[in-house]
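**Student:** One-letter residues, chain by chain:
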Amino acid sequence: MFDKKPGALNKYGYTRKQNSRLPGATVLALVLLLLFPVFSAVAAPTHASETIQATQPSQAIAADQNAYAPAPQLTAEDYTKVRGVNPRLAVWFAAQMHLWFAAFVLAVPIFVLIIECAGVYTRDARYDALAREFMRVSLTAYSFTAITGALLLVALVVFYPDLMKYLSTIFGPTMLLYALFFFIESAALYVYYYGWQAMSEGVWKKVHLLIGLALNAAGTALMFIANAWVTFMMTPAGVDARGVFDGNVWHAVHNHLWHPMNLHRFIANIAYGGSIVGAYAAYMYLSSRTDEERSHYDWMGYTSSLIAVGALLPLPFAGYWLTAEIYSYSQQMGINLMGGVLAWLFIIQAVVIGALFLAANYYLWCGMQRGSRAAQYNGYIKYIAFVLGACFMVWFTPHTPLIKPTEAAALGGQFHPWLAPLGLMPAKNVAVNIMIIFTYLSFLIYRRSNRVPTVGWASTGKAVQAALVAAAVVNIIATGVYYGYFTNSVYKVASSVTQVASTLIVITGCSLIEYFMHRGAKETGEYGWGRMPARSQYALILIAVSFTWLMGLMGFVRSALRQQWHVYSVMRDASADAATPTVAYAARVVSVGTIVFMAIILFIFWVAQLGGKGSRHD
Amino acid sequence: MTNLLKVVVFSLGVIGAYTLFATTFTPAIKPEPPVTDNIPASTGMTLARFAALGERLYNGKGSCGLCHNPVGGRAPLLDDVALRAAGRIKEAGYKGSAIDATGYIYESMTTPSAYVVAGYGVVGSNDGQSPMPDVSREPIGLSAMEIRAVIAYLQQRAGAAITVGPDWTAKETR
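These protein sequence lines map, in sequence, to chains A and B. The opening position of the first sequence corresponds to residue 3 in this note's numbering, with each subsequent residue numbered one higher. The opening position of the second sequence corresponds to residue 33 in this note's numbering, with each subsequent residue numbered one higher.
Because the hints were derived from the structure by calculation, they are not lab data. Bear in mind the structure is a predicted one, so any value in this text is a computation, not a measurement. Cβ atoms here follow ideal geometry from the backbone N, Cα and C, with glycine treated the same way. Among the clues, some could well be false.
To be verified - Simulated coverage check for chain B against chain A, where a stretch passes if three residues somewhere in it have a Cβ under 8 Å from a Cβ of chain A:
no.	segment
1	48 to 60
2	93 to 100
3	108 to 121
4	156 to 166
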């Protein structure tokens, strides 16, 4: 996966001639980690009414045998009022800050462990040094995660005491479990980081890897537990229509959205963690004074961006599953999400994700210039850019344009005759899948910018790759148009399955061909790490900032979906802030949050830089 | 220091651009405040006013139009449901207990799976299960009086005679 980097052993612990390919075992480990939430999925109630029906027998038990009360019916007087403080804003801000830090610190140990494993497998000291540097960058963020978590808890208890009381009645045992995993994670983190040097050889290295595994297991468990609480608030289970708990905490944990949310957050966190570390590498690259430093941070930035973009590619699929499950639980909730007042939020999302894709591709195109054969592939860039641009425009085309009454009269209605079909989900599914495939193509030509295959079947292999891409694009467009516009709504999901399958087949098939085709490939020159233009580093910073902003916006959507309910359909929000705010208001809140978060991240980078100076002297 | 400044300005520019797009280029739709209280309907209300109340509920608290609209195609249109209803209960796929058109509409709102229009069932249920919720339960939570008002509106919309007033009760079911 990585390209060769010539040179002698330097202060970062790698030689310039060492091969930095990420081994298959690492990829396998990544796939297993990604698929873990799917493996753990067992049949959950499939529909809102089914969930309620499933709890009907428990209702009698609740009435006769247990002491669980219905969800409280609140009035505006039940909420704590503090002069000058907007309760919803306080909780929103604290929750968002906590989620950003938590996503970062949960993600970094995942790919740190994978990179450390790669170092053990390849006996390449660079990986170990890189993994340790990633951990150093994230270390300060753990404290901020804990601080913002405590702030969130205090805000919730102060401003929404009845909600917290109701939730803790149901989730009490899991809250204790959460505390336990928090201690395990903290202990594992400190031993993992501070014991890195002491456990660097022989059997101790294996012990160190096991501690890293424990760190990740505890972190992932923490996220799954917290996910159970927030998804219960959206799709409550284990309670009857009045909110009476049936006494089985597993029913409440294993609610309708738990698995999709676990998978979506797991992947998103990896993408996010990669992007933040990428921004760190970019900043350090821009500040580097020597070629050696530039070379190191260029490689670090490339690795981070590969992690971020690698996780970004399957993210739309996970998001699609999550959305499909929301529709499956409650059509009303689903339509509010995609077709109601929140629908415009997805146009904003399309703009941000489009910017992410364009930035990621731009970074890869700049990266091609590290190789000696870049000129041979430069011609393809304009075509890829054109397709990406076209898909980007389809993705952010709204179904209902912003028009004046006179314009509507001129159009003959509220919808534009040609553009309105592009505003529907099937068109956007086509655009997303093609964007993913063409981003993958950028990666392919990037890989070829410094090597020539030596196998005799290279031209056949390339032809098969081209055929795979062409067939997939045709299939994606044809099924999208047919199922999206010429069949009933319920069949639209069918098209997305074949589209996703096409995209995955292209990525898997072409990667396999590429791998075998380039075994023993001839390097055409010295790979120029550190030869990236400064503007390429701003692409990495844009990716990190965009991810942060997007996560904030999507967090708002998830929460806003409950509308005026603390716990959907069970416990009503009777506070003064029960109404859903406008998208513009949410965007402003998210922007302020992003600025504060990025300022703290800069502080963390600065602290990491100080630590880095110390460790280099060591 | 110069690089730090450049990075900060660039990041602020990106955040500013997203904020500008979100606040300027999207419609300023203010979501309606939640409807919590049942709408009172006096027994002396005229049928026309009762149907008008039903229309308000149809588009507001009942959120019926979210699915029953020509754009999304997620649920059958209700323009002439009051005219079709009598025929529905004679169809082979009908599993409910209504004995007249009005009873069928009432049943459709509280027990939607009693009859599922072909092509609109939950995927995999072979049109045996409706994705529509029982509107008398939360999160919609229409009262019996409000459901009656919506039926009156649907009758008016279909051009049928309004037979459901505030005092209407369903006939004996079979």
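**Student:** Now look at each hint and say whether the structure bears it out.
**Tutor:** Do the hints match the structure? See the list:
1. With 10 residues having a beta carbon nearer than 8 Å to a beta carbon of chain A, the segment 48 to 60 of chain B meets the requirement of three or more and the stated coverage holds.
2. Check on the segment 93 to 100 of chain B: 3 of its residues sit with their Cβ under 8 Å from a Cβ of chain A, so the three-residue criterion for coverage holds.
3. With 0 residues having a beta carbon nearer than 8 Å to a beta carbon of chain A, the segment 108 to 121 of chain B misses the requirement of three or more and the stated coverage is violated.
4. Requiring three or more residues with a Cβ within less than 8 Å of a Cβ of chain A, the coverage given for the segment 156 to 166 of chain B holds, as 5 such residues are present.
Comparing the model with each numbered hint stated earlier shows that hint 3 is the single one that does not hold.
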